[in-house]
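Note that the protein sequences, when read in sequence, are chains A and B. According to full-length UniProt numbering, the first sequence is numbered sequentially starting from 1. According to full-length UniProt numbering, the second sequence is numbered sequentially starting from 1.
Hints are computed from structural coordinates only; laboratory data are not their basis. Any given hint might turn out to be false.
So the derived list for chain B, only partly shown, Cβ under 8 Å to chain A, looks like this [claimed, not checked]:
#, residue
1, ILE27
2, TYR28
3, PHE45
4, PHE57
5, LEU58
6, GLY60
7, SER62
8, LEU65
9, PHE66
10, ALA74
11, THR75
12, GLY106
13, ILE139
Note that the Cβ used here is the ideal one computed from N, Cα and C, for glycine as well.
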Amino acid sequence: MLNLWRFISKFNAFFFLIIYLVISITLLVKNNDFQRASVYNSSNEVIGSIYQKVNIINKYLNLSLVNDSLAKENAHLRNQLKSSFLDDSLITKTVDDTINKVKYQYILAEVVNKSITARNNYITINRGSKEGIKKGMGVIGPNGVVGIVWNVSENFSSIQSILHEDTRITSSIEGTPYFGPLIWEGKDPSLVTLTDIPNQLNLKPKAKVVTSGLGVIFPKGILIGTVEKAGVKGGGSFLDISVKLSTNFYALEYVYVIKNNFQTEQQDLELDNKESVND
Amino acid sequence: MIRILVNILRFVVLVAIQVFLLKNMVIYGLNVPYLYILFILLLPFETPNWLLFLLAFLIGISVDLFSDTLGLHATACVIMAFFRTVIIRVTVQEDNYDSDPEPTLGIMGFRWFFFYALILTLIHHFFLLNFEVFKFSEIPNILSRVLISSLFTLVLIFITELVFFRKKQRK
């Protein structure tokens, strides 16, 4: 017994290494499995509120960039105003529309924390379940798609950004019927790769890449980025298209969370399909 | 007593600088400096092992909590603490402990401190970046990130050490 004790105390550093390695690797792996279901992530109220305080400084530093993008968005919206179209009809009549229902609603939120440089990046915003945000909703910024809501607490939500290993946003090239998943390779935070586009497509440089509208998360036609260059991977029949993101994640301050009012209806219907096939 | 306060202050300041400032500093793609490991480098020689590992784990977890990577920095810091005990046991004689309480640049001299910081920084960054990706296929890709990040970290460590430089002759 005494010998055992002497042995342990002689090599105590090694035993401490084993003990703490087991603890920290358990935390690491567990955290990967349950994908930040634990309370210790930054949707945690305490850390969220600390970040909100620090963010006041960052917000000030980014003011000019935010102003630019707001001005652009204003100009864009102004173009859609009725007063900027030539009105050549004699009588205008308003019709209360009872047939078309609102499908998508947008909730404004402010970014309180973000990561850009890790392999898997997340963004925290200051709106949560209180405002009706749920897991799986799409998130866009003033310049394009940002990511998908991952975790929600009462006042904050975490967003899994496009810059994440597991994010797959179905997107297509504007004006073509082809679509495919968008993947981030983890090298440059401004470039993503669009795969599964057939290589007979005659691609114009700087063509716009937009959301496809398939699935329930994003409406059709929201800008993601522009085509940078396209190449065939290993002689296959699909193109690997390198896409330059239109969202500048460094300057991202405000985002809109997209609420799809028909999401559950569509998902339930699609679930029924699967069940009947398996029977 | 003063030394304990200095270390606590160093802990808080380094974590704050890391999570609020350095996390946003990026060069050449995705390379970020991790200056907070300076806390583990500068702990006094006579720190008992149980305290050394506990502090390494705590500073790792503190950085983790602010970067949504629970356990990642803690793992790298604990491995680094182990190699710190090995390097110090091999290179420093025990009877020097009384006069030289801390492994700083001013006390230990440039050459010793440079190799000490270089080896531990490389070890920390190697495990940190590999555990982050968790894939063998990306190791060649990561090695370049390890080298550039380490260079960046080392430059910051030396700047910090020179700012707080106190010359003291080794006896």
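Hints and how they fare:
Given hint, ILE27/B at the interface with chain A, is violated; its Cβ is 10 Å from that chain's nearest Cβ, farther than 8 Å. Annotation: TYR28/B was flagged as interfacial toward chain A, and the flag is violated, the nearest CB pair being 10 Å apart, outside 8 Å. The restraint placing PHE45/B at the interface with chain A is violated, with a minimum CB-CB distance near 14 Å, outside the 8 Å limit. This hint holds: PHE57/B has a C-beta 5 Å from the nearest C-beta of chain A, less than the 8 Å allowed.
Look at LEU58/B: its Cβ only gets to about 10 Å from chain A, farther than 8 Å, so that hint breaks. Contact between GLY60/B and chain A, as hinted, is supported at the beta carbon level, the nearest pair being about 7 Å apart and thus within 8 Å. Restraint check, SER62/B versus chain A: the minimum CB separation of about 11 Å is more than 8 Å; hint violated. Hint status for LEU65/B: holds, given a least beta-carbon distance of 6 Å to chain A, under 8 Å.
A least Cβ separation of about 7 Å between PHE66/B and chain A falls short of the 8 Å threshold, and the interface hint therefore holds. A cut of 8 Å between beta carbons decides the hint on ALA74/B: the least distance to chain A is about 4 Å, and the hint holds. A cut of 8 Å between beta carbons decides the hint on THR75/B: the least distance to chain A is about 4 Å, and the hint holds. Here the hint on GLY106/B is broken, as its CB sits about 26 Å from the closest CB of chain A, past 8 Å.
Interface hint status for ILE139/B: violated, as the beta-carbon distance to the closest one in chain A is roughly 13 Å, over 8 Å.
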